[in-house]
Amino acid sequence: MMALEICSLSKSFGGRPVLADFSCAVPVGRCICLFGPSGCGKTTLLRILMSLEEPDSGVIRWPQRARISAVFQEDRLCPDLSALANCMLVAGSASVRAVEKGGAVDEAVAVGEDGRADSSRPAWLRRSRADRRSEAHRLICDALAQVGLKGCEHQPVRELSGGQSRRVALVRALVSSYDLLILDEPFKGLDAQARQTVIHYTRQQAQGKTVLLVTHDLSEAEAMGAEVISLTGRGNLAHCNGSVSRG
Amino acid sequence: MPRVQKTVRKLAAVAFWLVVWAVASAGIANDLILVSPLRVLERLGGLALTSDFWLTVAQSFARIVAGFVLGVSAAVAAAIAASRFGLLRELLEPLVLTIKSIPVASFIVLILIWVASANLAVIIAFLMVLPILYVNVLKGIQRTDPQLLEMADVFRISRLRRVRYIYLSQVLPFFVSGCSVALGMAWKAGVAAEIIGLPDGSLGEMLYNAKLYLSTADIFAWTLVIILVSLVFEKLFMELIRLCAKRLEQI
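If you read the protein sequences in the order shown, they are chains A and B. The numbering of the first sequence is the working numbering, which starts it at 4 and goes up by one. The numbering of the second sequence is the working numbering, which starts it at 5 and goes up by one.
It is worth saying that the hints were derived from the structure and are not from the lab. You may find that some hints are simply not true.
Unchecked claim - List time: in silico EDC-like cross-link candidates among lysine to aspartate or glutamate, alpha-carbon distance up to 20 angstroms: (1) B:K192 x B:E209; (2) B:K250 x A:E162; (3) B:K250 x A:D83; (4) B:K104 x B:E94; (5) B:K250 x B:E238; (6) B:K250 x A:E156.
Since the model is a prediction, treat every value here as computed from it, not as a measurement.
Work out the full structure, taking the sequences as your base and the hints as a guide.
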């Protein structure tokens, strides 16, 4: 079963083609790495998938109401909010209102310790909004600790270093509810040790989920267990659905 | 610089100018031209002991603050609507420019023809605040980081949460600086309107009477009252905004 089918997608900016007749299919639960030189249309493709850009032509087929989570090329965090609040903003947006609808933090929060969903309990046994929120807080703090941000949870993002902000952006993407996880150079700006920890954590959290990864470093794709799609100069497909291919 | 040291320096600057004022008034030695600070304080003390003084301050305060609050509310609503609808923005632009350019005195005289003098200060304060806040809030909304808005689209962040956590922090600096300027303008123009319209029991009327009876001490005393009331209100209002913003930004 395909999570996503892209058929003959084309996009140009000011007459300069960035994506030319690009087609590809992404099976459910697989991690696919888009690999290619700068300017070959990787980020444009991701922006089209996120509905931030309109393609000139082509079709994208995926299940209705598919939810996307993303790490953008930039961190795109609210600078005045804390690391925790930035994650709560997305963990809560799709959900603190309707927690039972699914997603990483949402599912964990909506289900009690005995595994029963909150919505199946009698009203007096259902946890209050405040309880669910404090549980979401706990889960996000755990996630932040796992990527080496213990103690930074309540710090405004503008006070964090570049590497720390990148990790907050990654945790934010992973705690949100999603069917497709888009990662645009998610590990850039991290030192070798942090990168290893974060890749391990990301792979663990995104297990069984459909992931589209863009990176310039094939070792990252390898560590994520991704299949590589190589793109040439103008977004043409050079190699698809193979194992990690170098060169 | 430590906070205490900063406060001491500020107080020292105020004390310096008070001394300059006292020396100048002693040199001129004519209370009609320049009254001494001590005489002004003495007169202010005398006025503050009467109930009429407090009633006058309260009435003018209510009028000007009502105009200010109405102006802020209308400006914020108009800026939100204008940021959403380009046509409305274009429609409002010449109107806002006109209100900004017309001298306060022209407004006061014109509006006196249409409304009772008791309501004049409310309308004048409103008209002074509206364009300043409208332009500032609109600028804040338009300068909101588009990358954060794209992030909100991708993560399906609700409209209410966008306003609370994305727009608020981006617009707040523009809103605060607008309020700071608008507050000063509202007080100055509001009192000017009262001096021309002369509504009963207003700060403007008291200033006008003081001028009529050549009571320089009263002019200085009432002016000091206006400065103090507007400063206290500005401090309280800004603190209220700060607290509200802090509370709203909590998730």
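Q. Is the straight-line distance between the alpha-carbon of B:K250 and that of A:D83 20 angstroms or less?
A. Holds, at about 10 angstroms.
Q.
Need the status of pair B:K250, A:E156: alpha-carbon distance at most 20 angstroms?
A. Cα-Cα ~17 angstroms, so holds.
Q. Under the criterion that the straight-line Cα-Cα distance not exceed 20 angstroms, is the pair B:K250, B:E238 satisfied?
A. holds, 18 angstroms
Q) For the pair supplied as a hint, B:K104 and B:E94, is the alpha-carbon distance within the 20 angstroms limit? A) holds, 16 angstroms
Q | 20 angstroms limit on alpha-carbon distance, applied to hinted pair B:K192 and B:E209 | A | This hinted pair holds, its Cα atoms lying about 14 angstroms apart.
Q) Are the Cα atoms of B:K250 and A:E162 separated by 20 angstroms or less? A) Distance ~17 angstroms between B:K250 and A:E162 Cα, so the pair holds.
When the structure is compared with the earlier hints, no violation turns up for any of them.
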